[in-house]
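Protein chains: 2
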Amino acid sequence: MTATTPEKRPISIGVDAMGTDQGPAALVEGAARALSSGANAAITFFGDESVLRPLIAQHAVLASADVEHCAASVAMTDKPMHVLRRGRDTSMWKAIEAQKDGRVRAVVSGGNTGALMAVSRMQLGMIDGVDRPAVTALWPTPRGRVVVLDVGANVEANEKELVTFAIMGEAFFRALTGKAKPSVGLLNVGAEELKGHDLIRNAARTLREADPDMAFIGFVEGNDISKGSADVVVTDGFTGNIALKSAEGAARLVGGWIKEALTASPLAKLGSLLMIGDLKKLKEKIDPSSVNGGVFLGVNGVVVKSHGGADAKGVASAVSMAATLVGKGFRREVSETLALVRARAEMTPPAGAIKAAE
Amino acid sequence: MTATTPEKRPISIGVDAMGTDQGPAALVEGAARALSSGANAAITFFGDESVLRPLIAQHAVLASADVEHCAASVAMTDKPMHVLRRGRDTSMWKAIEAQKDGRVRAVVSGGNTGALMAVSRMQLGMIDGVDRPAVTALWPTPRGRVVVLDVGANVEANEKELVTFAIMGEAFFRALTGKAKPSVGLLNVGAEELKGHDLIRNAARTLREADPDMAFIGFVEGNDISKGSADVVVTDGFTGNIALKSAEGAARLVGGWIKEALTASPLAKLGSLLMIGDLKKLKEKIDPSSVNGGVFLGVNGVVVKSHGGADAKGVASAVSMAATLVGKGFRREVSETLALVRARAEMTPPAGAIKAAE
Chain A
-3 MTATTPEKRP ISIGVDAMGT DQGPAALVEG AARALSSGAN AAITFFGDES VLRPLIAQHA
57 VLASADVEHC AASVAMTDKP MHVLRRGRDT SMWKAIEAQK DGRVRAVVSG GNTGALMAVS
117 RMQLGMIDGV DRPAVTALWP TPRGRVVVLD VGANVEANEK ELVTFAIMGE AFFRALTGKA
177 KPSVGLLNVG AEELKGHDLI RNAARTLREA DPDMAFIGFV EGNDISKGSA DVVVTDGFTG
237 NIALKSAEGA ARLVGGWIKE ALTASPLAKL GSLLMIGDLK KLKEKIDPSS VNGGVFLGVN
297 GVVVKSHGGA DAKGVASAVS MAATLVGKGF RREVSETLAL VRARAEMTPP AGAIKAAE
Chain B
-3 MTATTPEKRP ISIGVDAMGT DQGPAALVEG AARALSSGAN AAITFFGDES VLRPLIAQHA
57 VLASADVEHC AASVAMTDKP MHVLRRGRDT SMWKAIEAQK DGRVRAVVSG GNTGALMAVS
117 RMQLGMIDGV DRPAVTALWP TPRGRVVVLD VGANVEANEK ELVTFAIMGE AFFRALTGKA
177 KPSVGLLNVG AEELKGHDLI RNAARTLREA DPDMAFIGFV EGNDISKGSA DVVVTDGFTG
237 NIALKSAEGA ARLVGGWIKE ALTASPLAKL GSLLMIGDLK KLKEKIDPSS VNGGVFLGVN
297 GVVVKSHGGA DAKGVASAVS MAATLVGKGF RREVSETLAL VRARAEMTPP AGAIKAAE
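Chains A and B supply the protein sequences, listed in that same order. Going by my numbering, the first residue of the first sequence is number -3, and it counts up by one from there. Going by my numbering, the first residue of the second sequence is number -3, and it counts up by one from there.
No copy is singled out in the list; a pair is fine if it fits within one copy or between any two copies.
Derived lysine-lysine pairs resembling DSS-like cross-links, with alpha carbons at most 30 angstroms apart:
1. Lys175 to Lys309
2. Lys276 to Lys255
3. Lys75 to Lys223
4. Lys75 to Lys309
5. Lys309 to Lys255
6. Lys277 to Lys255
These aren't lab readings, by the way, just hints derived from the structure by calculation.
Excised from the complex, chain A in its bound form (with noise of 0.2 angstroms):
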């Protein structure tokens, strides 16, 4: 650990190193890089020490990490069940149990989602009155990252858990970002009241009533995520995470048109030299690893997914992510936004909608 003053202390991150497409590198290289760039995180690698280590000497920045050797790790196809049953002894469950024993406080994943939202559920458990987890992706606009959740915790999210993702999510962008009143938006395919789902047109409803104070801007459509028309975009797992991916491969066609373009012809290729400092900038921006980092809402705790096919970039954005999290006070933001909202609906009955909607 690094000596600091109290106030200052580093937050401790647990990474679970192994696990992931990318390989342990990505991970030890990611954690280096986002210490390097002034994240206050004191790192514990979990996995496979004797690959560990020399990775970790590569970087002076981790000099002061420890390692938590671990026997296995989850493969990418192991089935939640099977992990929760047999995977005791795996870096991931290893990486969980040290947050709920309190060695760190919060851990940074690339492996398999499905066994470590289980895990980390067994675990840790979920805040009180949240049935469901969320999982939250950060969506790149020209006015900043906005928050869209849930991109693929659950298929199917019913009134109040689509009332309670977006109070989630509210509070986690106020964490992260620190705005004060975040504008939430339900994801739905028009933006009169008379279209989507009953569902859906039932939980903006129920979401005014319960949580008056929330901006709640109504339904958002599609087209209004990329333009961040809101600040927090709630929806359920299968719709989200079908608007992500389909966002990612549109925008990574338009990337590779781009690229064909300023290689064409060799008029093209002199005028990309001109403008090599403009191109890398508009690179930057597309780049998907400023944006890695899905965070499990609900969860009492804080878990920060990375993805599986993350470079080191992406993972020093997740450690960051978990960094900032953990400094702004997101899980008990989380908490008490949502006993408040509670709290509300219990003493104002003929009004308790989210009692109502169950």
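Position chain B relative to chain A; hints supplied.
Chain B only, in chain A's frame:
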């Protein structure tokens, strides 16, 4: 009517020229562009004659176009039910009626989607065996355009409807492109058989049994659409609409960033001048006009919905598509494929998947 040999007789297309965001001029100019670029069509415009005649007079290629005067038009905000009850003198109604009466063989409209669907269903009826229509979207990929359906005719689709969408979408793609065995994928959140809704998993199984001749490749994810992993991507109208709009939003975001990069500095501006030809090609690729035109599959006719905000180029794509679909016998293709699948299901009762799914 232009006089030609019988087998190359122009296909009569009705164009509802009213009720769009862009106004009648875009519809008239679009139809003219379609003819100029070789579409084998004879146009009849439906709308306000005093508005349309002067617009038509501006295009020599429209010298033989007809106009059917209509006293009213459908507004974007009109409820479909209102149009069904009181819309008989609107340009939309008259255009679809002309198709019912055989005076035109296809209709292109940029008006109110819900009303167009309702009027089409009421007047033209549905193809035998189809309960609900689906709207198609063309989606650009590096391998050419693919078809996604449903993108918004219905917010929900049951198992049988998804199977019907797949069969209709495949026939549509075959008619549009001439490809004998288009590949078909079901949109889902994961490629593994275990992920996603029961509904989609069941639809996959039913589809395999119902139409073993189809090149069904199983599940595809959101990012697979832009890759061109399947020629036809099948989903419900809610999910399809959100996938399409999320992707459009992301493409527009990246497009905006490109524009910024190309003008960010004097050097960048100079560079863009050098590659102006290649950038123009890039712009055309990103241009949504080239993929304008959603077809109402399942309706017993050929109805092409042009985007309400489409410019003349976009309208031209929609008019050309209408002519191609009639020319290639797309309605017969759809009905015959559906009849074949139904006949097979009836002949083999134990594996009578479509029936069992009802």
